[in-house]
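Protein chains: 4
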Amino acid sequence: MEEKKILLQCDYTQGCHENIMKALIDTNLVQTNGYGFDEYCESAKKKIKERLKNDNVDIYFVITGTSTNQIVISSILRPYEGVLTVESGHINVHETGAIETTGHKVIVITKELKLTSQMIENYLIQQINDKLNIHVVQAKLVYLSLPTENGLLYSKNELEKIYEVCKKYNIYLFIDGARLSYGLSSLKNDIKFEDLPNLCDVFYIGGTKCGALFGEAIVISNNDIKKNFGFNIKLRGALLAKGRLLGIQFNELFNDDIYFKIGKNAVDLALYLKNELIKKGIQFYVDSYTNQQFPIITKEKYNEITQKFEVSKWSEDNEFVTIRVCTSWATTKEIIEQFLNMF
Amino acid sequence: MEEKKILLQCDYTQGCHENIMKALIDTNLVQTNGYGFDEYCESAKKKIKERLKNDNVDIYFVITGTSTNQIVISSILRPYEGVLTVESGHINVHETGAIETTGHKVIVITKELKLTSQMIENYLIQQINDKLNIHVVQAKLVYLSLPTENGLLYSKNELEKIYEVCKKYNIYLFIDGARLSYGLSSLKNDIKFEDLPNLCDVFYIGGTKCGALFGEAIVISNNDIKKNFGFNIKLRGALLAKGRLLGIQFNELFNDDIYFKIGKNAVDLALYLKNELIKKGIQFYVDSYTNQQFPIITKEKYNEITQKFEVSKWSEDNEFVTIRVCTSWATTKEIIEQFLNMF
Amino acid sequence: MEEKKILLQCDYTQGCHENIMKALIDTNLVQTNGYGFDEYCESAKKKIKERLKNDNVDIYFVITGTSTNQIVISSILRPYEGVLTVESGHINVHETGAIETTGHKVIVITKELKLTSQMIENYLIQQINDKLNIHVVQAKLVYLSLPTENGLLYSKNELEKIYEVCKKYNIYLFIDGARLSYGLSSLKNDIKFEDLPNLCDVFYIGGTKCGALFGEAIVISNNDIKKNFGFNIKLRGALLAKGRLLGIQFNELFNDDIYFKIGKNAVDLALYLKNELIKKGIQFYVDSYTNQQFPIITKEKYNEITQKFEVSKWSEDNEFVTIRVCTSWATTKEIIEQFLNMF
Amino acid sequence: MEEKKILLQCDYTQGCHENIMKALIDTNLVQTNGYGFDEYCESAKKKIKERLKNDNVDIYFVITGTSTNQIVISSILRPYEGVLTVESGHINVHETGAIETTGHKVIVITKELKLTSQMIENYLIQQINDKLNIHVVQAKLVYLSLPTENGLLYSKNELEKIYEVCKKYNIYLFIDGARLSYGLSSLKNDIKFEDLPNLCDVFYIGGTKCGALFGEAIVISNNDIKKNFGFNIKLRGALLAKGRLLGIQFNELFNDDIYFKIGKNAVDLALYLKNELIKKGIQFYVDSYTNQQFPIITKEKYNEITQKFEVSKWSEDNEFVTIRVCTSWATTKEIIEQFLNMF
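Residue numbers (the working numbering), protein chains in the order written: chain A, 80 to 422; chain B, 80 to 422; chain C, 80 to 422; chain D, 80 to 422.
This is chain A alone, in the form it adopts within the complex:
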C-alpha cells in the first residue's frame, strides 16, 4: 500500500514542530482581531527584527510561497517590466504561470543553476543598448532562491556582487527563502541571517518547509517597496482572516533559534546520507550542502527503493534515474539509516 511508504520526496510531508503545535493549542480560544492585527503577529515581527538586528525592515506574513512570489513581484513591477531568473527558477517552472497571471514576463537569462553578477550585467547592458527597446520587456527585478531549487548555495560574496549590479542598474533583488533555514544552517554557508536585509531589497523566510504548518514571512528592507504593501496581500487572496495563526507560528520558530536548529538537524542528516552514498560509489547531480540531495541511481535500484520510499524523480535516461531526497525538520536518523540500508 502506498500509504505505508516512507516519504522522502519533499520537505512538507508532515505537520509542524511540537512547539508550534503547543502554542496553537494554548492560544486556541484566545480572542484576537483578524487579518494579522493581533499581538502574536506583533510579537513575531519583533522577534524577527531583533534576530535580524534591524528595526528598519517591514515584515508581512503570507500563507503560501506561490502567493509570496506573486505578491512581491507584482507589487514591485510596472506593467511593462519583468523579472530575471535562471531557467530552473521556481517562478519559471513550478508556479503554473502565477507570475504571468499578474501580467509580468519571467525572463530567463541562463540555463545554469545559479545567477552570477556578470550574467545579469550582460543582460542589462544589452537591454540598454537595444535600439528597439520600446518593444522589449524591461527587466526591473532579479529573483533568486537561497538555497536554489537544486539545493545550491550562494556565497556572501556572490550575493554582494549581484546586489551591487542591481543597484548600479537601478533594479531590485528579491531572494526566495522557501528553504532559508536549510540554507543558512549549511556548514558551507557564510551568510548570516542578519546580513540578508543588506544583501537584497526584499526576501522571505520560508515557514512551510521549515517547521511550520504553513506560512512565509516577507522582509522588506528597501523603502521603495514598503508603501501600501499590505493591500497586495489582500487582493491576491493571501490575507488570512485568522492572521494570528501566522504570528503564532513564527513566534515559536524564532523562539530560542528553533528555526535555525531545525535547519541544522535536517542538513546534518542530508550530508550524512550524501557522504554514506558517496562511500558506496553513488554519484550526484549537484554538490549540495543543504537538505536536498540528488543521487544518480540505476533504474534497478530506483525500482527497488521505491517499493519502500517515495522519492522525486528529477530526470532519467536509459540507464539512470536522478532522484531528489529531502530531509526536513521532522526527519530522523533512523529513517536515513533505513534508506541507506537499501544500498
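Please keep in mind that the hints were generated in silico from the structure rather than gathered at the bench.
The reader is advised that the hints may include incorrect statements.
To be verified - Taking lysine to any residue and the SDA-like style, the derived pairs with C-alpha atoms no more than 20 Å apart in a straight line are:
| id | chain 1 | residue 1 | chain 2 | residue 2 |
| --- | --- | --- | --- | --- |
| 1 | D | Lys190 | A | Asn201 |
| 2 | A | Lys210 | C | Ser300 |
| 3 | D | Lys392 | C | Gly113 |
| 4 | C | Lys128 | C | Thr401 |
If you're wondering where the values come from, they're calculated on a predicted model, not measured in any experiment.
With chain A held as given, fit chains B, C and D onto it using these hints.
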C-alpha cells in the same frame, strides 16, 4: 487595554473547534503527499458528498474566501465577461479588487441587499436588446451570498427562481457560503444542504467563519466548470503545500454534523440577543435570522458598550450608530448575557 | 435600403478633414522610421505644445480611445488602486471591461451625469476613515470626460475645484477629451485649451471624432506619470508601426486652428437644431451646448424619422424615445434642415 | 542628415499602395456605421473568403499586429494555459510582454529558428507525463510565423505534420502572417493561400507590412474559437471606430490579387540583392527566400553603408555585423542597385 475587550465584531476571532484541534494533534507527524493528494482530503470529500447525497459533484479545498471567489469567478469567465451582484456584495466591497485583478468587471445591478430573479432577468433582457452590445461587458455569472453580507437568507423558492433565470439565459450561478453553517442552521431557512448542488452551478462551504482555523470547500455541480479546475487554485497562489490541513479540518466538521451543530448554537445565541434587545426597544437595520445582528443604538450607548466590547460600526448618522454583532461557533451564552447587561 | 439613410447617430461616420487627406496623399511615399519616431510626429507635438503655450508636457499619439483610456489608467494605478467616475462614465459602460481587463476597478460614486469636487471629497474622506480599508480598493485617479458622455460641459471653476481636491488627497485627475474639440468650441465653455495642462495631470485630445481618420493625443503634465510611458502603449497593442500617420493627422488638425474650427461648425449646427426643435415644442434630456443633442420624441415620430435618418436610441418608455443626434466636422446645414423638416 | 538616408531596415517605412490611397480618397465622405459594421468590411470579407475558396471561416479586422497576437492568444487560452513558440518568436521578444500582460506564459521550447512537429510532441509528452503537472502551465496553443522572424518558410508538409500533432494532443495552432504576402510569394513556397484554413485553427493576413497603411485580417477556421470573438477586439482597445478603413484597405489588397503581386515584387528584389551579394562573396545568417535578407558584413562595410542607408543591426561580433535588409511593396530596383553599388 484594548486586549481585554470581548470581541463580537466578527466571527473569526478565535481558533478552531476542539475536534479539529484534536485531529491536528493526532495527525501531526503522519506523513502524507502534498497539495491535497492525501487520505484526509479524500475522506473529507467523501463525507461531504455523502452528506450532500450526491456523488457527481467535484470538491476542492482552498485556504481563503477571497481566493475562493477569485478562483471560481476567474475560472468561469472569458475575458469579456463579468459577474452580477448586489452593491453590498462581498466581491464588490470587501475584496480590494480581487475580482477585477483577474480582469473581470463586477456588475452591480441593485442597491437592494438581495437579488431577485426579476432583477437578473431585466438586466439580461436589456443586455440582449442593447444594439451597442459589443461595447458592453457580458454578464455570464450571478454571485450571491447565503446568508448575505447583512445576514439575510434566500428562501428555496427564491433561489429556484434565480437559478431558473440563469439557466434560461445560459449564465451560471455561484453561491458564496462563507457563513453557510449559520444560514442553513437558521430556523427561518428552508433550504437543505443537499438541495444546494441543484440550486446553483457551484457553491462553497465556509470553514474559516464556521469552526475551522481556515479553509473553504468548493462544490462544483455543473460539469462545464469542472475541467482542469485545480490548476486555477495553484495559479492564484491558493494551493496549500500541506493540503491535508484542509482535509483534516473538513473531515471533522462533517463528522457527526458538527458543521451544522456549530451553526445552530451561534444562531440561537444571536436570536436570543436579538429578541432581548427588541424587548428593550432596540430597532434593527435588517430582520436577520442568522449569526449577524445589526442593532441601531444611540451614540451614547455605542460609546458605553465599546468600553467593554468590540463591535463593527456599520453606519452612523448624527444620533445613531448601526453596529454589527456576530456570534460564532465559540460564543457562549455568558458573553451574550454580559452584552445584554449593558442595555 | 438602410445604406441610403442619413447617419446622425454618432460623430464618426465619415473619413477625415480634407487637409488631412491631402497630407496623407502628399506624404505617402516618403520614407520614415516607424513607431512614431519620425518628423511628422515631432512636428505635431511641437505644434500642440505651442498651442498649449507649454513646453513641459509629454505628448503621445495612440490609435483608439479605448486604448488611450486603458493605457493612461493602467500606467498610473498600482494593483490595489481604482479609478473614480460617474455611473455613465465611458470607461464604466462602453469599454467592454477594458479597464478591468488591466486589473483595476472602476469605482462609481454617483448616478449624476457630472462629478463635483464635493462628491470626490466625500468619497475620499470615507475611504480614509474606513477602518477596514485594507479590504477596499483605493481610489487613486479621477476620470471625467469633457464634454461628458451626454454632451455636458464642466466650467473652469468646477474643474479647478475638482483638481484641488485631487491634489489635496494626493490622487490624479485624467480628462477624457474624445470630443474635446466640440467641448472647447461651445459658446458656454470658459476653458481655454492652454488651461488644460494646469487643470489636470493628464488629458487627451480626441482626433477620431474630431476630423481625423483615427487617433488621440495624450498630453501629460504631471512628471510622475511621464516616466517610461511609451512602453505602456506598446504592451497594450496600441503602437502603430507607421506611427507617422498619427503625426501627419495631428499636424494638420493643429495647423491654422483647424481642430477648433471643426468643432465650432459642428456645435453651431447642433445648437441650431436644438433651438429649432425647442421652438417646435420638443423637450430635451439634458441642456447640452455641444455637438450631441438628446431630444425626447414620441414613438410615432421616432418611427417616422428613422425611415430617413439613423439616430441613437438613448432610452425609451411607453410613449417617448430619447434619441441622440450628433453633428460632426462633416455635417452640413443642409442635412440639419432636412432633419428639421421631419418635425 | 539622417532624414536623407534610404531606409531598408524594415518593411513599414512608407504609406500604402496607390489603389488603397485612391479608395480612401473616393470613400472619404461616404457615411457608414462604425466599428466594422459597414459595406466595405463586408465586401473585403467576402473577397478574402472567395480567394480562400472557403465560406466557413470567420474574418475580423484589427489595427495592429501586437493587438492581433494579444487578442487571438488571450481569447483562446484559459488562465492556466500558455502558448508554445521558438525563442526568437515575435511574441517572445518584440511585444514588450503584450502576451504576459493578458496573463499567459509564452513557453519557449527551442532556440532553433523554426518549430518542428517533433519538438512540439516531445514537449507535450513530457507535459502529460509530468507528475507535478498541477504546478506547470499547460500548453494549449502553438504559435509560429509564416515567414518567420528571420525570413524562413515552413513547407506545406512541415505545417501539416505540426498541425497533426496539435490535433493529436488537442491543442490549437495559430499562424502569424504579418508578412504573409512575402512568404506566399516566395518561389520556394509550396503553400497555397487557400490551404491555410486547413493547416491551422486561426491565422492572420498581415496588411501593415504588405501594402496597407495599417491593419491585419484574422481568419478563424476552428469553430471553437469563433464564439463571441469580437468582444475580445473591443476589450483590448483594438476596435477602430471607423472600422471601414480596414475594410476599404483589404478590399483593395484582395482586388485583382494585389496582395500577392506586391509580395512577389518585394521578394524578387530581395533575391536579386541576395544573389548579387553572394556573387561578391558575402555570406548570410540564414538562407532566406523572402523579403528579409541577413547579410554578414565587416564592421568597416557596415560603417560605410550606414552613411547612406538605414539597416537593422541583427547581431555583431568583433569583426562582423549581421544586418537585416528588407524590401517591401514600395521598394524599387533602383534603390537595390544603389545599395549593391556600395559593395
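Hint check results:
1. Under the criterion of a C-alpha separation no larger than 20 Å, the hint pairing Lys190/D with Asn201/A is consistent with the structure, at around 19 Å.
2. Between the alpha carbons of Lys210/A and Ser300/C the distance comes to roughly 27 Å, so the proposed pair goes past 20 Å and is violated.
3. Taking the CA atoms of Lys392/D and Gly113/C, the gap is near 16 Å; set against the 20 Å cutoff, the hint holds.
4. Only pairs whose Cα atoms come within 20 Å are accepted, and Lys128/C paired with Thr401/C is rejected, the gap being roughly 40 Å.
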